[in-house]
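Protein chains: 2
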Amino acid sequence: MLKGHQTWEFDRKPVILATGTVGGPFEANGELAEDFDLLHEDLWIGQESYEKAHRLLFEEACQKAMEKGGLRKEQVQFILGGDLINQITPTSLACRTLGAPYIGLFGACSTSMEGLALGAMIMNGRGADYLLTGASSHNAAVEKQFRYPTEYGGQKPPTSQWTVTGAGAALLAGEGDGPRVTSATIGRVIDMGLSDPFNMGGAMAPAAVETIESHLRDRGIDASYYDLIVTGDLGEIGHTVSLRLFEKHGTPIQENQYKDCGMMIYRKGQPVFSGASGPGCSAVVVYGHLLNRMKRGELKRLLVVATGALLSPLTYQQGESIPCIAHAVSIEMVKERGS
Amino acid sequence: MLKGHQTWEFDRKPVILATGTVGGPFEANGELAEDFDLLHEDLWIGQESYEKAHRLLFEEACQKAMEKGGLRKEQVQFILGGDLINQITPTSLACRTLGAPYIGLFGACSTSMEGLALGAMIMNGRGADYLLTGASSHNAAVEKQFRYPTEYGGQKPPTSQWTVTGAGAALLAGEGDGPRVTSATIGRVIDMGLSDPFNMGGAMAPAAVETIESHLRDRGIDASYYDLIVTGDLGEIGHTVSLRLFEKHGTPIQENQYKDCGMMIYRKGQPVFSGASGPGCSAVVVYGHLLNRMKRGELKRLLVVATGALLSPLTYQQGESIPCIAHAVSIEMVKERGS
Chain A
1 MLKGHQTWEF DRKPVILATG TVGGPFEANG ELAEDFDLLH EDLWIGQESY
51 EKAHRLLFEE ACQKAMEKGG LRKEQVQFIL GGDLINQITP TSLACRTLGA
101 PYIGLFGACS TSMEGLALGA MIMNGRGADY LLTGASSHNA AVEKQFRYPT
151 EYGGQKPPTS QWTVTGAGAA LLAGEGDGPR VTSATIGRVI DMGLSDPFNM
201 GGAMAPAAVE TIESHLRDRG IDASYYDLIV TGDLGEIGHT VSLRLFEKHG
251 TPIQENQYKD CGMMIYRKGQ PVFSGASGPG CSAVVVYGHL LNRMKRGELK
301 RLLVVATGAL LSPLTYQQGE SIPCIAHAVS IEMVKERGS
Chain B
1 MLKGHQTWEF DRKPVILATG TVGGPFEANG ELAEDFDLLH EDLWIGQESY
51 EKAHRLLFEE ACQKAMEKGG LRKEQVQFIL GGDLINQITP TSLACRTLGA
101 PYIGLFGACS TSMEGLALGA MIMNGRGADY LLTGASSHNA AVEKQFRYPT
151 EYGGQKPPTS QWTVTGAGAA LLAGEGDGPR VTSATIGRVI DMGLSDPFNM
201 GGAMAPAAVE TIESHLRDRG IDASYYDLIV TGDLGEIGHT VSLRLFEKHG
251 TPIQENQYKD CGMMIYRKGQ PVFSGASGPG CSAVVVYGHL LNRMKRGELK
301 RLLVVATGAL LSPLTYQQGE SIPCIAHAVS IEMVKERGS
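Going down the list, the protein sequences come from chains A and B.
Counting in my numbering, the first sequence runs from 1 upward without gaps.
Counting in my numbering, the second sequence runs from 1 upward without gaps.
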């Protein structure tokens with residue numbers, strides 16, 4: 001099962017039976033609006049705080065996944081998830097409603113693939129019949145906590161990114177039709193000494209490159225194995241930095257097979273600076289748009305590399321640079337189960 | 001592997017090859033001082049902030065476990081861990097130093113057993129040769145974040161608990177001598193509507209009871225199977241509440257085989273109110289004192305039920321009650337490996 005240093009190859013290849021994706025008003029005006037199961041017209045979603053709206057996003061994504069998978073909530077044995085809010089309370093409170101045994105994760109914007117990797121590990125080990133895993137973020141709740149309340153109208157530099165309001169969840173099963181999780185690479189904490197919290201993409205790029213290169217080495221393949229390698233939320237700046245690093249290391253990767261979720265979700269003209277970010281970003285783009293493309297036969301082999309900046313306002317204030325991480329999960333259209 | 005609804009039975013029974021436990025000055029004066037590998041004389045541990053001292057606790061616990069297990073850090077494939085600080089930055093920054101691929105967890109004070117359950121799942125699925133899992137807390141860092149800086153000298157009610165300054169880590173291996181992880185039960189989020197953040201034990205007791213009863217039902221055993229069932233940090237009040245719940249449910253459990261880590265770590269006379277708490281509490285008591293008792297042959301079958309209160313200062317301010325959780329892991333002295 002362990003392959004190389006830090007990669008798991010899943011013999012049983014768990015199936016992503018169904019997914020649920022929920023977005024906010026900014027996402028409804030975005031490039032991928034048609035790939036969402038549910039889009040909300042305003043950021044409050046009828047709740048009395050942004051954090052409670054955040055909780056609801058995750059609840060709804062899980063409910064949509066169960067509904068589309070034809071499962072009642074009693075049939076889901078575990079939920080793995082997390083978010084960026086202090087003590088991941090939106091996810092925990094959503095799981096209070098959802099009722100299944102709950103495994104709380106923190107990987108910042110890498111949470112989507114941290115959860116999918118661990119979820120696939122549990123499925124592979126026959127630790128569940130069905131489980132849900134997902135991640136979410138809410139623009140106004142995250143901005144308030146990490147920077148300033150959006151009501152202040154604070155200015156941002158062009159290196160900054162726009163936190164996605166959205167949640168994506170995947171329902172994993174041992175059997176069934178759908179894309180399968182074939183392997184996962186857990187990333188190391190990489191910190192190149194950057195400390196500007198308005199340039200997360202630049203800080204996270206080396207972590208993405210390290211995880212992709214480790215993944216290819218561990219599996220004994222090159223980048224051309226995949227139809228698409230997609231990073232979580234490097235944004236335009238981080239994406240460019242990562243391409244330069246691949247070039248510097250002599251790792252062949254084609255620009256047309258290497259994309260970033262943070263550059264895909266919004267339309268040109270939406271004021272998102274360097275691109276999108278937030279745990280919800282890769283979760284909604286992968287569990288919505290990209291899996292739809294796989295189901296249409298446009299992609300057969302996908303590597304998702306969710307990137308996370310593991311800082312807090314406090315570590316920044318205490319002069320720490322930004323520790324970053326990236327976890328990679330391969331999702332493939334394969335007919336046959338392995339062993 | 002899945003047994004019943006929410007329990008994993010580990011066929012390969014991963015071994016706890018070695019552990020590392022580190023404590024602060026209050027723990028050095030406590031009941032279990034002799035069971036620590038390392039005790040610090042002051043809360044700063046030579047660092048310029050309590051959060052940086054907190055990070056160091058976790059680093060040292062992992063280093064001690066590797067040293068005692070005779071492993072170099074390159075041999076450890078994964079680290080699973082978490083803490084209570086916003087965005088679990090002490091654990092993430094420790095993993096920057098330690099260097100192994102890192103899986104960040106958030107389960108509040110249940111993190112120790114969340115990590116041991118997932119770590120054992122990974123070992124059981126042959127996903128690693130060696131991995132580290134642990135949890136930590138720092139009294140002054142946690143008090144500052146959740147309540148008031150300790151320098152304010154704020155008063156506390158007798159229902160409150162004292163956050164442990166300490167870290168405990170376990171080194172898991174597929175082969176070797178030592179206590180073995182035989183099963184794990186993942187808990188649900190339980191919220192009985194209590195909202196007093198100075199009475200966590202009372203809030204967490206129903207979660208502990210739910211997980212213990214689920215564990216016994218899933219494994220088809222009764223409480224007498226274990227020499228000791230130990231909760232994480234219910235404290236005196238939560239412990240009493242949980243005993244009443246067992247009685248009410250008709251679940252037979254003997255008082256002399258049912259203890260709480262939060263009532264074991266300090267001496268009578270230390271001003272800890274209802275007892276100890278914090279992710280470090282169950283981590284140091286189990287990975288220090290209780291495993292030492294197992295190695296001396298005093299205990300053969302141990303069930304650890306780490307309890308967590310998944311609130312934040314913000315959820316409290318927004319009028320939410322306290323969502324709680326408990327994860328249970330059984331550790332047994334068994335000679336033979338299963339299948």
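Honestly, the hints are just simulated from the structure, not real lab data.
One or more of the hints may lead you astray.
For chains that are exact copies, the list does not tell them apart, and a pair is met inside one copy or across any two.
[Said to hold, decoys possible] Cross-link-like lysine-lysine pairs, in silico, DSSO-like; alpha carbons within 27 Å at most: (1) 73 <-> 3; (2) 52 <-> 144; (3) 259 <-> 52; (4) 52 <-> 73; (5) 52 <-> 68; (6) 156 <-> 300; (7) 52 <-> 268.
A quick look at each hint next to the structure:
1. 73 <-> 3: Cα proximity of residue 73 and residue 3: across copies only (19 Å, versus 34 Å in one copy).
2. 52 <-> 144: both (14 Å within a copy, 25 Å between copies)
3. 259 <-> 52: Classified as neither: same-chain Cα gap 32 Å, cross-chain 36 Å, threshold 27 Å.
4. 52 <-> 73: So residue 52 and residue 73 pass the 27 Å test inside one copy only (21 Å; across, 42 Å).
5. 52 <-> 68: within (24 Å within a copy, 46 Å between copies)
6. 156 <-> 300: neither (38 Å within a copy, 59 Å between copies)
7. 52 <-> 268: neither (30 Å within a copy, 42 Å between copies)
The earlier numbered hints that this structure contradicts are 3, 6 and 7.
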